[in-house]
Structure formats: structure tokens, C-alpha cells
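J.: This is what each chain is made of:
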Amino acid sequence: MSDETTLTVWQVVELARNSLRPYTLDYIQRLVPDFVELHGDRLSGDDPALVAGVGTWHGRTTMFFGHQKGRSLKERVSRNWGMMHPEGYRKAIRLAHHAAKFGFPIVSLIDTPGAYPGAAAEERGIAAAIAGAIMEWFRIPVPIVAAVIGEGGSGGALGMGVADRVIMLENSIYSVASPEAAASIVWRDNSRKVEAAEQLQLTSRDLLAMGVVEEIVAEPKGGAHADFDAAAASLDEALYRHVQPLLVQPVEQLLQHRYERFRYIDSLLHAEPHFGPKID
Amino acid sequence: MAVIDRHASEVRIAGGKLPPITLPTNCPGCGVALDPEHLRKQVYVCDCGHHFRMGADGWIQLIADKASWQERWGDIRSHDLLNWKVPKPYQETVEQLTEEGLNEAVRTGMCTLAGRPIWFATFDFRFVGGTLSIVAGERLARGLEQAAASGTPYVLVSASGGARMQEGVLALMQMAKVNAAVGRIHSAHVPYFSVLTDPTFGGTAASLALLADINIAEPGAAIGFTGPRVIKQATYADLPPGFQSADFQLARGQVDMVVPRVELRRLLAHLLEMYA
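Going down the list, the sequences are from chains R and D.
Just so it is clear: in the first sequence, position 274 is 274 by the numbering used here, and no numbers are missing.
Just so it is clear: in the second sequence, position 60 is 60 by the numbering used here, and no numbers are missing.
Some hints could be false.
Stated by the list, open to error - Here are the simulated SDA-like cross-link-like pairs (lysine to any residue), alpha carbons at most 20 Å apart as the crow flies:
id, chain 1, residue 1, chain 2, residue 2
1, R, Lys193, D, Val86
2, D, Lys88, R, Ser191
3, D, Lys17, D, Lys41
4, D, Lys17, D, Trp69
5, D, Lys85, R, Ala120
6, R, Lys193, D, Gln233
7, D, Lys88, D, Arg126
8, D, Lys85, D, Thr98
9, R, Lys193, D, Pro89
10, D, Lys232, R, Trp81
11, D, Lys85, R, Trp81
12, R, Lys193, D, Arg126
13, D, Lys232, R, Ala120
14, D, Lys85, R, Leu38
15, D, Lys88, D, Trp69
16, R, Lys193, D, Lys85
17, D, Lys85, R, Arg192
It is worth saying that the hints were derived from the structure and are not from the lab.
With the hints as constraints, model all of the structure from the sequences given.
T.: Structural data, given as C-alpha cells:
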């Protein structure tokens, strides 16, 4: 483990957003060297903010998805900083059905500030695209494992985060809204982002404690950016360990468990009575 | 809609007597001085067509046949899970609203509409902006599950700013929780009609509100994912007039129709007759 005990919440937020951190394509390169990228939603376009494709992972063809932020300014613009448009969610669901047709398990890597908050996304139905994707993931009859590798921002992240297991890299965050957006909503002032971040409880340890994620994946000393290979190896080990038992599960059971995972996700109340409403 | 006219004689525009609501002195649509009693009789729609926001109590009175409303799970309560302190302690916010007689951002139950049984849920924008919370999500998911299991049509009225910040990521997770349950409604071939009122945004628009078999928007309702203030902040874009309005969403294929409140009940009665 790194020296995480000394990090403030805001330092974790900055680490999760650090542009030197490994991005989806850095992990894909290491996990599935024979990766073949697939494009397009078959309706109107392709969304470069979401990488999708197939590769051989632990001897099995697997569908990979991941937000891609981009490092150079040019790449960031072309990837739209990893913020998906409606086409991205439609591409994901098209390819999820594609994976289901061939029985490929699905790995989804989450790293987005959120869905694109712009007029173009609104005009093409971003709300319905996310809503439809979230509903549809519950019907995909193959194992799905998701990992938050950097930023898990809002509905844009959840749209790619309905899975049988969700894990988080140690220095990643997952939140109902970015600290800036939360500050803008609660204070009407996005400069209160540090206070917002502190209240949101968005670190990997917070999410594990709430029962929203199954595991925290340790990062190399200093953070994932310090050693891409080591970070990829830890992520690979954790993802595969989680997908293995799912591969032998009967489909009905898999889908039932996925339903229950989210249906009772706020039910840590079994352990902590103050968590969530009491089930009558 | 001529075809619905035949319901006009037997379906009232409201099931019961609407409660009073807080009104401005003048209509923001046409500027005339408002007569609350007159407006109440026309389900809070001004003569100019401006639709005033109603709370959950108003919507229950409008949708449910007189004396048919049976509320469920009204006793589940929100808790301050994140120990949210600033700018205002969340627990205080909740207690204050509860004292004002509001019961969370979503209320749900069973009733009849023109004699037909339905499951009904309505958001209440007065409770922390109608935000999707654990209690809201729980009430929605339970109702959806019951409707799916019993084959009873489901009707939703939304008015919501999205997920509730003060419940953090668990509020976000409600989107998945309710959408999973909406999936059950569809798998069970149970009709689901969604009425989107002003405003419906964020996690509510991006979850159950737009996933119905028929999406019905109220005239003038603002509907979208990201609110206009945040869009301007993030992209510096000037938004054209009417951006994210009900008509905008109709033109872009997101809702099936824009229906005035005075015709809503008649339409729902007609749809229930055809689909149930």
C-alpha cells in the first residue's frame, strides 16, 4: 500500500484525476495485447470517449469497455476528456448484446468526470441513453466486472457501472456528482469543491465501507502512475479473481444476483442500523 | 384528441379536491392577478396555459379516484448517512421539511383511476428539490416490483432535480435500483406511463422517468439531464430559448406527447383501457 493515510480527501481527488495515471488504453495494452477495437452505435455515430473491443484475456475472448481521457490536448479534445455522449452508451449496449451473443464476459473500466454536460448531448437524448443503458445492463446474460480506475463521476459513470462485481483502485473516486458540481448544486458556488469532496465520501475506502464496491485494489507505492505495469498486474489479478466464480454461475442466478446487488445496495443496514431505510 | 372525448363525460379532470398551493400574486406566464380558488378548480393551470407546480398531495388528489388512495411505505425515513454538515446539516433539512408536513421526495401507493387499479408514485419537488434519495428509490422500487408481480399498471409523476447530493453515492445507486425494477415491469408486460412535469432533470430523467412505455410531458416543463446553469458553466454555450422544454423533447423524440394537465386524467383513463 502507498502512503495513503497521509493524503487528504482532496489529494485523493487530484490523484484520481492525475493525467499521468494509467488510462483505459494503458491497461488494455497490458491485459489484452491482442485487443481489437470496435466502433459505433449503429444508429448515428461513434463515441471516442468510450473505448470498446475484444481481446483474449486469460485464454478467453472478453469484451472490454473503458472511458479514455487522453493525455495531450489534441487527444483530450478528440476523446472529449472521457465524457460520453449518448452514442457512447448506445455503443456500449450494442456491444454488450454482441458479447452476450458469443458468451464473452465483460470488463468495464470507469474513468470519467461524468457524461458530457453540453447542449449537443442534451439534443441527442443523453438522459434516455443513460437510463436505457442502466436498465439494459441488468438483462445482459454474461458476467460483468467493473473497475473504477480513476474518476467515477455521476450518472455518466453508473451508465457503465452496472456489474456483478464493482471494484476500485485505491486512489480512485466514485461520486454522485463531481465535487465541483456538488458544490455548485449545494452552495451555488463551485469553488467550494474541497468542502464538497470532504462531505461526499467518495474515496475507495468510503465506498467499500458503504458496501457499494466489493474490493479496493492496492496501487503501487506512490500511486498507479508510478508503475503502470505493477498497477495493471494488480488490476488484472483482482478482475480475474472476481470474474472466475461468475463464469460458472447459471445465467438466471447471475442476473438475479445482479438485480439484488443493486436492489439492496443501500442495505448495509443489516450491519449498520443507521444505513438506509428499514425493510419491512 | 377527439378519440378521448368520449371519456369526457365520465372522467373528471381531477379525482378529488386539490389542496391549496403556494402561488405568486401574478401569473409568470401572462401577468394577470391570480385567483387561487379559480385556479384550483382548473388543476392549477392558468387561463393562459401556464402550469403551476403541484406537490405530491396535489398529484395524488388529481390522479386517484376519490377515496381510493392507499399509501404504502410512508413510514420509511431518510437518515444522515454521510454526516453532512455544511452549508446546512442534512438531518436538520429533513426534519424541517417533515415538520412542514412533507413526506420525502417520492410518495407511492395504490389507487384507482376511472375505476381501474394502478400503482401510482409521485415526486414532490418541495422536498429537497424532489431529489432521488434512498427512501425515494426504495418506495419507487417496491412499487414497481409490486406492479410487475401483480400485473397492475404503473403511473409515475416526476418533478425532480436529480440525485440527492447529501446522500452521496448511495443516492446515485438509486438510479440502478429503480431501473432494475423498471426492467421487471417491462419483462412482465405491465404498462408503465410516465408524466414528466417541471422540472425533471439529472438522475431522475436518466433513470425511470424516461423509461416508460409512454412518456407524457406537461406543457412548458423543463426536462433534461444537465441543468442549463451547469451547461453554461461547463461549456460557455448560449442556450436557445425553449432549450430542454417539453416541446424540445417532443421534437427530439424523447417524449411521446405533450399533454395539458386538464386532459391528463382522461388520457390516462383511455390508455389504461387500451393497455390494461
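J.: The structure should be examined with respect to each hint, and the outcome stated for every one.
T.: Results of checking the hints against the structure:
1. A hinted pair counts as satisfied when its Cα atoms are at most 20 Å apart, and Lys193(R) with Val86(D) qualifies at roughly 12 Å.
2. Our distance criterion of 20 Å between C-alpha atoms is met by Lys88(D) and Ser191(R), whose separation comes to about 17 Å.
3. Note on Lys17(D) and Lys41(D): the hinted pairing holds, with a Cα-Cα distance of about 8 Å set against a maximum of 20 Å.
4. Proposed proximity of Lys17(D) and Trp69(D) is supported: the alpha carbons are some 13 Å apart, at most 20 Å.
5. With a CA separation close to 36 Å, the supplied pair Lys85(D) and Ala120(R) exceeds the 20 Å bound.
6. A hinted pair counts as satisfied when its Cα atoms are at most 20 Å apart, and Lys193(R) with Gln233(D) qualifies at roughly 15 Å.
7. The suggested pairing of Lys88(D) with Arg126(D) holds, with an alpha-carbon distance near 17 Å, which does not exceed 20 Å.
8. The hinted pair formed by Lys85(D) and Thr98(D) meets the criterion: a straight-line CA distance of about 18 Å does not exceed 20 Å.
9. For the given pair, Lys193(R) sits about 17 Å from Pro89(D) by alpha-carbon distance, which is consistent with the 20 Å threshold.
10. This hinted pair checks out: Lys232(D) and Trp81(R) have alpha carbons roughly 18 Å apart, not beyond 20 Å.
11. A threshold of 20 Å between alpha carbons decides the hint, and for Lys85(D) with Trp81(R) the separation of about 32 Å lies outside it, so the pair is violated.
12. Only pairs whose Cα atoms come within 20 Å are accepted, and Lys193(R) paired with Arg126(D) is rejected, the gap being roughly 26 Å.
13. With a C-alpha separation of about 13 Å, the suggested pairing of Lys232(D) with Ala120(R) holds against the 20 Å cut-off.
14. In summary, the hint linking Lys85(D) to Leu38(R) is not supported, as the alpha carbons are separated by about 46 Å, beyond the 20 Å threshold.
15. Straight-line distance between C-alpha atoms of Lys88(D) and Trp69(D) comes to about 35 Å, which puts the hinted pair past the 20 Å bound.
16. Note on Lys193(R) and Lys85(D): the hinted pairing holds, with a Cα-Cα distance of about 15 Å set against a maximum of 20 Å.
17. Proposed proximity of Lys85(D) and Arg192(R) is supported: the alpha carbons are some 14 Å apart, at most 20 Å.
In terms of the numbered hints stated before, the structure departs from hints 5, 11, 12, 14, 15, listed from lowest to highest.
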